[in-house]
Structures are given as C-alpha cells and as structure tokens.
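Got chain E; can you put chain L on it based on the hints?
Protein chains: 2
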Amino acid sequence: MRFGLFCSPKADSDGLGPETGQGFRDYLDFNVEAEALGFHSSFSVEHHFTGWNQVSATLMLLMALAMRTKTLRLGTAVMVLPWHNPVLLAEQAATLDLVSEGRLDFGIGKGYRHSEFKGFAIAPEEAEARFEEAIEIITRSWTTRTRFSHHGRFWNFDDIVVEPPPAQNPHPPFWVAAGNPHSIARAASRGFNLILDQYASSQTLRERIAIFKAERAAKGLKFNSMQVTVARQLYIAKDKADKEAALVKQAEYTQRTINVARSPDAKTGSHVLAYADRAGATEEHALFGTPDEIARMLDALRDAGVDYILLTISGGKEQLRRFAREIMPAFVSGPSARAAE
Amino acid sequence: MRFGLFCSPKADSDGLGPETGQGFRDYLDFNVEAEALGFHSSFSVEHHFTGWNQVSATLMLLMALAMRTKTLRLGTAVMVLPWHNPVLLAEQAATLDLVSEGRLDFGIGKGYRHSEFKGFAIAPEEAEARFEEAIEIITRSWTTRTRFSHHGRFWNFDDIVVEPPPAQNPHPPFWVAAGNPHSIARAASRGFNLILDQYASSQTLRERIAIFKAERAAKGLKFNSMQVTVARQLYIAKDKADKEAALVKQAEYTQRTINVARSPDAKTGSHVLAYADRAGATEEHALFGTPDEIARMLDALRDAGVDYILLTISGGKEQLRRFAREIMPAFVSGPSARAAE
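Chains as they are written, first to last, in our numbering: chain E, 720 to 1060; chain L, 720 to 1060.
Chain E extracted, bound-state conformation (with noise of 0.2 Å):
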C-alpha cells in the first residue's frame, strides 16, 4: 500500500496570525517529515473567502513544498477550475511540474461551496460547463506546441502557444473526486485517476473501484491500484474516552465545511454535502483507534481493493510519527505494493 497526505493548510497557527504565515511554514516542515518517514505524497485543498486562513493559492504553496523536498508527489484536491483562466492556471501548473522534476499530480474540482460561488460570482449552474471547458483548455496548452485559438462559452484565445510545458509526458495526471457511478465512470474512461471520499464504507468502495476498473478495461486502459485514493481521517488514541473526544471535535469541524457549503436556501448540492450532510458522516469510516483497531480497518480496505490513502492528520508530528512507526511499516512492505510498481 501507499500513504499519502491530505492537507488544508492554514496561514495562521496557533495564536500567530495569517501575517505571521507561520501556519503555512508548520504544514511545510510537517510534510518534510512525512516524505522522510515514507509518505508518497501530499494532496491539498483550494479554498476562498472563509475567514478560516485557509490555503487559497495552493498551487504556490506546493512550489514552496516543492522546494524543500526531493519525492514527494504535489497533489491538488483539488484545484477548483472554475474559478481560474484555464490558460494562466496550465502556465502555473506547468512551472511547478517542471521545478518539481514531474511531482505534480493535479486534482481538479467543480467546486461546492455556495459561498466561493457567491464571492466569485459564479452561478453554480456553470460549473459543470466551465470545468469541461476548462480541462479542454488546459489538456491542450500542456500537450501542444504550436499555435492554437480557442473560442469557447466563458473563455476565448487567440493565436497563443502555452509555455512552459509541463515535465510529465504528456502532461501531469488529472485527478477527479467522484462518488456516483456515472462520474466514476466518466472519469475512468478520460482516462483520470481517482479520488474516492473519506465517507464510503469498505464495502461501497469495492464497488466503485470495480465501476472504474471496469470502464478503463472497456476503453483499452490498463489498470493500475495505484491510478486509485481514498480520503480518511486519522487519529491514534490513546484510549477509548481519548478517541471519543476526538471524534466529538471531528464532528464539529464537519458540520463547519458543511455549513459553509450550503446555500442559504440550502439547495445547492455538492459531491461532498451528498455524502456529509448528516453528523457522523465523516467519523463512520475515519481511521480512529488504537494502533490494532486502524490497522484492522487497513486490512479492511485493502481487501477491498485500496492500495492508496491520503489521510487527514490533524494531531500534529506525534500523530504522524505514530502512524509511521507504528502502522505504516505493516502495509507499506506487503505485496500489494510492489504489485502495483
């Protein structure tokens, strides 16, 4: 198996203010450490307009972690299209592919938030047609090297040869957040990797991987576990009462992004208030528990067919130490892994 990490980083920190930055230095020294530890990667999320310091200019934030680490892979979960220039956001992507040496991996979203609609005014009636557009847009400028117009519903260029490209041949993966069957196979059939949510039981995962296996093998596309991740929480405790309390402020943090998703007149879906719009949603499958309880539930997702986690670690450095030394060393070396190399 692989781990990797999925991260919202936020400029402030504890009781430093956003000016300080301090909050986006920790999430670097953090992810340092992990790439030490063996973690494969770190996705993180773009998010506006909270009044929560959350990371906005993720792709800028990876440049800096790009930096300070040698194989990490730079994910984005996920870069939300419809608010960037599709061509300026290639232009970005691309510079940090080729710094990086081909470390990204670029996950991209329609976005979900009522209020980053509102704020960029968005109607979310577009998204699904500004993020088409988009990947169109995008895949091009990375994968073609003469000149190209393009004149389309929200965006228009003329005459333009997008630089640089990126360092990955043809062009750095695209990585999709799906849960229904139709977007999963959808998704398979671009040929785009998978992000699956941290709100699916086992059982429900081994049948979405199924739906995308099924659709690359009808479209001549070998498969890969790895081509594969699934989002989950993480929090080693130390006790019963311990793993309680912690799923108590988990909960709390859920009902948080829930809140801010939702609309005022809470129409307004979205791929996670479809799956999160109850309390408990999230803690159902969160790896909480002991060292043996997670790895249980590790044993469990692997036999459903997952190779690839992005855990969400908010206990800090002891946290993700633990889960190196302790759980990590298990699955990390198991066939399942070199299998899939």
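Calculated directly from the structure, the hints in this document are not laboratory data. A portion of the hints provided could be inaccurate.
No copy is singled out in the list; a pair is fine if it fits within one copy or between any two copies.
In silico DSSO-like pairs for lysine-lysine, Cα to Cα no more than 30 Å straight-line [to be verified]:
| # | residue 1 | residue 2 |
| --- | --- | --- |
| 1 | K729 | K837 |
| 2 | K1036 | K789 |
| 3 | K938 | K957 |
| 4 | K789 | K968 |
Here is chain L on its own, set in the frame of chain E:
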C-alpha cells in the same frame, strides 16, 4: 548604491528543451549566487505566448527563489494586471509575501505586447481601466480583514474576505514602470515606487526623479532614493571588439522584443515602443564596457540621483561575479547607500 537584477527567466537552456526546466534551475542558481554576492533584489518579467519559453507564471518561480534565498527582495517587473483575476493574484502574491517573510516587491503594469492582448482576447483600449480596477481590488484585498463586495466594469466579487493577508504592512510595495511626467507624478502621488527604463540618459533620469520627488513632497510623502530604481543592461567587455560584438547582439534582442510588441498595423503604442522603436535605443545607455568605463557611467547615474540600479546581465555567472568583484564594491559602501538606510 544598491544593485538588483532584472531577469527574463526561460524554461529552456543551451540545447536542453523547455520540458527539462533547466533554464529555471539556472535562473535559481544565478540568483542564489547574486544574493551571496550582495545583490539586494531580483525582478522578473511576466510574458505569454512568445514561443521563446519566457517565464509566464512569475510568482510561482519567485516562490521557488524565495525558498532558496534569505534576504533577496523578490520583484515582479511587471505583473500585467489586465491578464489576471485580481483576487486570485492578491492571494498568490500574499502567499509569496508570507512564505518569503515579507520580501515581495510587487511591480505592476498595463501590458504592452500586441501578441498578449490578442492571445488573452483583451482589447488594448481596456488596459488602463482594467489596470486601475485591479489596483483597487488588490489593495482592498490586502488591507481589508472584513468582508466586502466589489461590482466593477471588469470584475465582480460578493461578500468576500481575501486570505491570506500579506506579511508586509500595510501591503507589499507597488512598483510601476513610468516614463512620461504625467505617469511619474501619478505613481508618486499614489505612493508607488518607480521603475525607470533602460532607454533614458542620466540627464533624463535626473528630471524624472525630480518630478517623482516633488510630487511625493506635494502629497506629504517622504522621499527616499531607494523608491526609484533604474534598469540597465550590463556587459563587462574584454576590449573594444568584444564590446562592439555584445552591442550588436543586444540590438538584435531588442529588435525581437519590439517586433513582438508591435501590432501588425503598427498602431498599438506602449511604454517600451515609445522609447525603443529605433535601433540602439537601449545600447546608447547600456553599461557596456571595461570595468573603468562602467564605473564612470555609474558615477554619472549617481550624480543624477540614481541610487538603485537593476542590472540585466546576459553574460552568465562570470559577468555577475566580475561585476560584484571589480565594480560593485566601490559603490555599495558609498555614503549614498548609507544615507538611504
């Protein structure tokens, strides 16, 4: 006096294609050495669609440089505001300012290349209005920690708080390139710093600095000679023939820039074209010559009130080292530099 660099990074490098990113690594190495040699700053261009592999995602590359340097000021010369969503740009720039611990010098411009206006499908006639609206939004984004909305001619934002804030207080300095008296006075009255071009003589520079200084005084703003920087080409020649050859090469490069900036009907004007539309416009005032000749030219610039120079060094590290060793020492420790601290 202070010396900085004016850079035009490219993704490719002598025989190594842009997909290697070697040119960007060369740029980083060059600037790391410049910092060690006592250079104060490094400003980089932003360009798109030339087919020459010029840097497009300038803030991304400056973030990489931030991670390899400690004191070097990180400048843009310039970010072309009409191309960018001003809120995304404010977020990216603030993230760089935080991670670099307050080292961003935010040079901004309206754009001048016909090929870029065409590429982004933006009318040159809109450049001025887009520039002004973007400055308003960026300044507000950086200095407002409560929610606001903006409904303008080009951009709309609803109920946003832009995060993160920058490290510098109240925000990173704006730098603008200006040449005519009206533009210089306008920059001064807004509290912006000034980039003067490589096409002006010492006498012209003296007049321009006087306008800048007078306008700041009129607004009750303190004047410091480090608020003005002057761009100059540098080439330390072995002898007369070497100097002549370098001037010819430079003229070819200048001509290429003029060609790409000019529209097919030759009507689109620009601050560059206004000064550089004849062969030799740059070369006339370039710092090309022996160390003694260059020192005399620097004396003349200093006499004209110029205390801060951005050098374009096209001859590689050998030229950088020679300048730092043979020319710089006599100028950086002078009374002028001390007075400005």
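Now for the hints, and whether the structure bears them out:
no., hint, verdict
1, K729 <-> K837, "within (22 Å within a copy, 38 Å between copies)"
2, K1036 <-> K789, "both (20 Å within a copy, 26 Å between copies)"
3, K938 <-> K957, "neither (48 Å within a copy, 64 Å between copies)"
4, K789 <-> K968, "neither (34 Å within a copy, 39 Å between copies)"
Hints 3, 4 from the list above are not met by this structure, while the remaining hints are.
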